[in-house]
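Numbering of the sequence shown is given in the working numbering, commencing with residue 8 and proceeding in unit increments.
Treat the hints with caution; some may be incorrect.
DSBU-like cross-link-like pairs, simulated, lysine-lysine; straight-line CA separation at most 35 Å [claimed, not checked]:
no. : residue 1 : residue 2
1   : Lys228    : Lys82
2   : Lys39     : Lys228
3   : Lys82     : Lys106
4   : Lys82     : Lys39
5   : Lys39     : Lys106
Don't read these hints as lab results, they were simulated from the structure.
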Amino acid sequence: MTATTGLPTQPHTLLVVADNAETQAVILDHAKAQGHSVIPAATPALGLTTFEATQPDIVITDLFLPDHEGLMLVKQIRERRPTCPVLLLTDAGQAESTKEGLRAGALDYVEQPIYQEAFAQALNRAILSLPAFAVDETVVLDLCEALSRVSDDQDLFYASGRRFLEESLQEVSAAREALGRQDGAGLVAAAHTLKVSAMTIGSPRLFASAKRLEELGRQGKFAEASSVCADLETRLTEVHGALRELIAGGLPSWWLQLVRIYRHVPCSS
């Protein structure tokens, strides 16, 4: 039996690296409201030491620590435990720095000031990315999740969908080219971009394939990565078909907020 991607309920341990006491306090309040525990660290050096000593489930770090140490911490955590999700605390108007943090290996980000709903959504996405969390293999698109990322703005969702249709094939092509060269770093970069795109568009199956491809790229397991890439391409075709139908249909926002799109699974005779 396959578990579904429902809302996470199990408590987790969060390591929060921030040099601002107010930021630490806000995250502590939000995390406790969801039943999670927090380990604070005021500096990246202390954060890395604490990470190795306590092995938290999720790391949250301020991207704008002195001397670019927030970015360095993301890279260090990814090197030590690639499966540990990292969330960035960033600021509005800092898109390029935020993209750099995501390219370094962060899963997602929360803009400051930190609002509870936005924090909860990003944290839930991090929990869903943990290795122990199963993915419902029948869900092609989780529209409720996708809309939550754009504050239920239907126009923005459709714009993201159109951009995904244009860019995702290029991303898969980049992954295939990296595989052909046995270029681990190139494969990791392409797979990570696909992973973020899949999360943005609300495709848990595509996200899982891209995440696995990224892990295999880091490990240099190119034979297995080739098989995963083929599976990813199949899933991408399903997502493209579902998105094109949605965009062509112009469905009402109330309908989108209630819907998941499932794969057709033939009945056995």
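Verification of the supplied hints:
1. Lys228 to Lys82: Answer holds: Lys228 to Lys82 is near 21 Å, not above 35 Å.
2. Lys39 to Lys228: Outside the cut-off at roughly 39 Å; violated.
3. Lys82 to Lys106: Cα-Cα ~14 Å, so holds.
4. Lys82 to Lys39: 27 Å, holds
5. Lys39 to Lys106: 29 Å, holds
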